[in-house]
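Enquirer: Listed here are the chains, written in short residue letters.
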Amino acid sequence: MTNPFIPILVMAALALLMAIGGVAASAVIGPKRYNKVKVDAYECGIQPSPHAMGMGRFPIKYYLVAMTFIIFDIEVVFMYPWAVAFTELAMFGLIAMLGFLFLITVPFIYEWRRGGLDWD
Amino acid sequence: MSILNYLVLSGILFAIGGTAVLVRRNAIVAFMGVELMLNAANLTLVTFARMHGDLTGQVIAFFVMVVAAAEVVIGLAIIVSIFRTRGSASLDDASLLKS
Amino acid sequence: MFVAPHIEWAALSPVLILLGAAVIGVLVEAFVPRGSRRLVQVVVAALALGGALVAVTWRWTVVQQDGPSSLVAGALREDAPALLFQAILLILALLALLVIADRARGEDAFTPTASAIPGSEYEGQARRAGLAQTEVFPLTMFAVTGMLVFPAAADLLTMFIALEVLSLPLYLLAGMARRRRLVSQEASLKYFLLGAFSSAFFLMGLALLYGYAGSVHLADIATAVPLVSGMDGLLLAGSALVIIGLLFKVGAVPFHSWTPDVYQGAPTPITGFMAACTKVAAFAALLRFVYVVTPGLGWDLAPFLWIVAILTMVVGTVLAIVQTDMKRTLAYSSVAHAGFLLLGIIALDERGISGILVYLLAYGLATVGAFALVTLVRTKDAEGNLVGEAGHLSEWAGLGRRSPVLAVCFALFLLSFAGIPLTAGFTGKFAVFGAAVAGGDWPLVVIAVLASAAAAFFYVRIIVLMFFTEPATGEDGSATTVVRSEGLTAVAVVVCAVGTVLVGVVPTAVLAVAAQASKFLL
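Going down the list, the protein sequences come from chains A, B and C.
Quick note on my numbering: the first sequence kicks off at 1 and runs consecutively.
Quick note on my numbering: the second sequence kicks off at 1001 and runs consecutively.
Quick note on my numbering: the third sequence kicks off at 2001 and runs consecutively.
Since the hints were made in silico from the structure, they are not lab data.
Virtual Cβ for every residue (Gly too), placed ideally from N, Cα, C.
Hints should not be assumed to be uniformly reliable.
Claimed, not checked - Between beta-carbon pairs, the in silico distance windows are: (1) I1003(B) to G99(A): 35 to 41 Å; (2) W82(A) to R2484(C): 52 to 58 Å; (3) V2003(C) to D40(A): 19 to 25 Å; (4) L9(A) to E2008(C): 50 to 56 Å; (5) L2227(C) to T1019(B): 50 to 56 Å.
Could you put the whole structure together from the sequences, leaning on the hints where they help?
Expert: Structure follows, in structure tokens:
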């Protein structure tokens, strides 16, 4: 009997080969013409907004967004089990989840009113 | 695979996290140690949930993840405000209160 | 098949009132214009605490009639000890709120903008504009909500969530002092890192106990103790880790290292609040855990708890004697008090519960009162500008001559800490030590009495300093002065002082009420 893990190992090896191969091939055969834009930090094609200050530190705004993101992102964790057992939980689940969503909305309103969502 | 392997793994993770909190001098890295400890506890919970054939452990793991996220936010806020003041997140610099 | 749990809204009313107030507080921050925000916040917070106190009293009468009950599918217990701990918490929180809201000389104890870099131009502008970080009030309400759930939590998950809900706001509040911002931020960081570290221990203990019993309900774990065999390691390690997590919160040696730093760095009204209320909540949870889960493993856990209790009493007392800063002295004295309180936990005797209740009431009143007075004693530089609170003990010299009322009140609180008869502290110590003797732990009581005597030395030394020493003027011409409170702090201090005297002079009434809380509902 073959090991059930073999297909996945083959898959992983192929993926690794493609990834490394792609990078290696472009490094070896690709033309190298650098300019200022190309060596700059990549930010979705737009001009890198506030330049990283000395020693490569990031402006505080990034942390603010990261904090906001992580808190609202992780709250979704409670919605997966709810969605899976939606019919079984019936009205109780719906009301509980609405209450939960309301409680999350409160800090969101706070942040919006106090300018936490403004980028500049 | 034996349940024991998972428990040993989570024990090791917990110990690594605890060591990181105690020996690393950077506040962020020390805090990452705490997160590692929380996740070790999560692994234990999920393992035991499997062992008991009971969902409680998995549900608790969800709660722990959310609490950990809240802790990250509070921690980042505190560390960032200190960093802005001092330009460093080293715990050795934070020693005004030693006496 | 899923069956929706029955939710006892009436029994949850105290918690819901406070949680509602916290949520309203956040909305107030969002919508109420800056000028009236502060007033609205104070009113909402005070009404909520008062309302919750009324609700707890009402539930007390219900429990007296119908007996204790289990709430929300067994997540919470509504029994006599839980309600009494909640009542004490609410009283102390209300007093602490008065101190937090007070603006002596038009300035509260909090930074105008916590996000500004200390000493920056922006901070200066905010101060001149008279901004206030009124988020303090909703944060306090969230912390009190967590504290209120803590004594009633009947499963470890609820306990863990309550622990976090009470801790996270306190980490932030610790970093918001108006003066000495760097020290305050540092206190916040230390509190946060060590607090998160300790909750990781608590969580690992929770996981191990879940593995042992297959449930996180305290009652289920307790029933599993005699039944499940061959996994004693899990049970012992789990219980020890949970207890360590809670001992961190009460500040017992060797888990006390954050206490002096955080007490010193945090804004003084917050120090008073958390010194009193966190200790009440954490001891309530510790008491329930130890009394419900671990009676079956007395012999295995006893050595651990004995060592912690002895270390806490001795180290707390000795280090308090050598401190030169008022807030640090009070911090180490609170460590020593944690040691005395541990006696009631180790006793595993039903008198231990009521003893700890009385002790915590006495300790809490004196703590809130003492820190409230610390907020009023300030240092004045040569030009007569206030530069902050008078931290150094020498600055307290001769205070009894210039502000006799303040000094007498402070002396009263110190005597209560020391456990001198006719103060509340004596009643508390008597009740806890009595329970420990009944539990057969007389060696611990001997050590406790010796430690109390040694502690009395430094309390009396401060009193002597205040009344019988000439006031000192610093080399740079700085002097100590007492600012007038807006009135709120004065009210809090008077209530604390009256309470301290009353519990000391007529202890029978308090003891009788506390004695009804002699048993936890399994």
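Enquirer: It remains to establish, for every hint, whether it holds in the given structure.
Expert: Status of the hints after comparison with the structure:
1. I1003(B) to G99(A): 35 to 41 Å: holds (37 Å)
2. W82(A) to R2484(C): 52 to 58 Å: For R2484(C) against W82(A), whose Cβ atoms are near 55 Å apart, the range 52 to 58 Å holds.
3. V2003(C) to D40(A): 19 to 25 Å: Violated: the Cβ-Cβ distance is about 60 Å, outside 19 to 25 Å.
4. L9(A) to E2008(C): 50 to 56 Å: At 55 Å between Cβs, range holds.
5. L2227(C) to T1019(B): 50 to 56 Å: The hinted range 50 to 56 Å is violated for L2227(C) and T1019(B), with Cβ atoms some 36 Å apart.
Comparing the model with each earlier hint shows violations of hints 3 and 5; every other hint is respected.
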